[in-house]
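Q: Sequence:
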Amino acid sequence: MIGRIALLSLLLLLGGCRAAFFGTMNLRQPSAHVLAHRNLDYDVPHALALDVYSPLHADHAPVVVYFYGGSWMTGKRQWFRWMGEALATQGVVAIVADVRLWPRTRLDGFLHDGAEAVRWAHDHASEFGGDPTHLFVMGHSSGGQIAAMLAMDKEWLAAVGMTPRELAGFIGVAGTYDFIPFDEPEFYDMFGRTPDVQARSQPINFVDGDEPPALLLQGEKDTVVYPSEALSLEGRYAAYGEPVELKLYPQLGHEKLLLAFGPLKNRAPVLADTMAFIHRYSAAPSP
Numbered sequence: 001m002i003g004r005i006a007l008l009s010l011l012l013l014l015g016g017c018r019a020a021f022f023g024t025m026n027l028r029q030p031s032a033h034v035l036a037h038r039n040l041d042y043d044v045p046h047a048l049a050l051d052v053y054s055p056l057h058a059d060h061a062p063v064v065v066y067f068y069g070g071s072w073m074t075g076k077r078q079w080f081r082w083m084g085e086a087l088a089t090q091g092v093v094a095i096v097a098d099v100r101l102w103p104r105t106r107l108d109g110f111l112h113d114g115a116e117a118v119r120w121a122h123d124h125a126s127e128f129g130g131d132p133t134h135l136f137v138m139g140h141s142s143g144g145q146i147a148a149m150l151a152m153d154k155e156w157l158a159a160v161g162m163t164p165r166e167l168a169g170f171i172g173v174a175g176t177y178d179f180i181p182f183d184e185p186e187f188y189d190m191f192g193r194t195p196d197v198q199a200r201s202q203p204i205n206f207v208d209g210d211e212p213p214a215l216l217l218q219g220e221k222d223t224v225v226y227p228s229e230a231l232s233l234e235g236r237y238a239a240y241g242e243p244v245e246l247k248l249y250p251q252l253g254h255e256k257l258l259l260a261f262g263p264l265k266n267r268a269p270v271l272a273d274t275m276a277f278i279h280r281y282s283a284a285p286s287p
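Numbering-wise (the working numbering), the sequence shown opens with residue 1 and increments by one.
Hint data in this document are derived by calculation from the structure and do not stem from the laboratory. All C-beta atoms in this analysis are idealised placements derived from N, C-alpha and C, irrespective of residue type, glycine included. Don't take every hint at face value.
Claimed, not checked - Restraint-style ranges between C-beta atoms, simulated for each label pair:
#1 Asp189 with Ala159: 17 to 27 Å
#2 Thr194 with Arg280: 33 to 43 Å
#3 Gln251 with Arg280: 21 to 31 Å
#4 Gly209 with Ala47: 31 to 41 Å
#5 Ala239 with Leu40: 34 to 44 Å
#6 Ser126 with Ala272: 21 to 31 Å
#7 Glu186 with His57: 39 to 49 Å
#8 Arg200 with Leu271: 30 to 40 Å
My request is simple: use the sequences and hints to build the entire structure.
A: Here's what the structure looks like:
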């Protein structure tokens, strides 16, 4: 179970503070050698857009579609420019996508939007120097659940003419993969009240041996999304003989794990570990 009732309250009450905090991070993150392509529509009917951060002179670069966290209730892609730039400075074409949030939509909406963003990335990556055969999905916290569902439940990518096996890999940053039971009223509205309906929201339930490789990054001091969720998903992958890597960081909690990609980069090698995984599972360059 996710221990985050207090966090839910903070997210709802202090959304403006989070925006200011991430805005400050955006100012601190260096953007040299990165091209930013902002406000690109990927789902006009739902007024959804994404931002692309590409390295200068990118050529057949790996592509990462990143979904931010916020308990499926808060967040904006503009807050995570620093993440896009952090990945782009390592040679990745990084795509930070908005999805509809609760109460505007619920589980099916989150995953519909995520799949559409991945389809857009596949179709347009080459315009920014990326290679769609090097396409990864990545997410933090609730964004990790969205990314994991796209990688593990075939229904969502099938709706946009793709399969999870077309992904080079999945990267979860303190993601939520196995969070039944829960008792937050908002979650009942998002994911249903009966166990059979709630089961549709759990990535772990869809691991069947036909997934892309997974990298699970997890802080051992996380009391928002407990390490048990990453351990549970690692075990399910291993049971099917699927490639999975679990990286545990002893001194990091939920937010500090995320911030280790940027201003706290000296606290843990999360970016280096992520890039090692991306390089390991990127396909050979196209001719």
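Q: Taking the beta carbons of Arg200 and Leu271, is their distance inside 30 to 40 Å?
A: For Arg200 and Leu271 the Cβ distance comes to about 33 Å; the hint holds.
Q: Holds or violated: the 21 to 31 Å window for the beta-carbon distance between Gln251 and Arg280?
A: The hint (21 to 31 Å, Cβ to Cβ) holds, given that Gln251 and Arg280 are roughly 25 Å apart.
Q: For the range 39 to 49 Å, tell me whether the beta carbons of Glu186 and His57 fit it or not.
A: For His57 against Glu186, whose Cβ atoms are near 45 Å apart, the range 39 to 49 Å holds.
Q: May I ask you to test the hint 34 to 44 Å on the CB atoms belonging to Ala239 and Leu40?
A: holds, 39 Å
Q: Starting from the hint 21 to 31 Å, judge whether the C-beta atoms of Ser126 and Ala272 obey it.
A: holds, 27 Å
Q: For the pair Gly209 and Ala47, does the Cβ-Cβ distance stay inside 31 to 41 Å?
A: holds, 38 Å
Q: Take the C-beta atom of Thr194 and the C-beta atom of Arg280, compute their distance, and say whether it sits inside 33 to 43 Å.
A: For Thr194 and Arg280 the Cβ distance comes to about 40 Å; the hint holds.
Q: Is it true that Asp189 and Ala159 lie within 17 to 27 Å of each other by Cβ?
A: Given a distance of about 23 Å, which is inside 17 to 27 Å, the answer is holds.
Violated hints are absent here; each numbered hint is respected by the structure.
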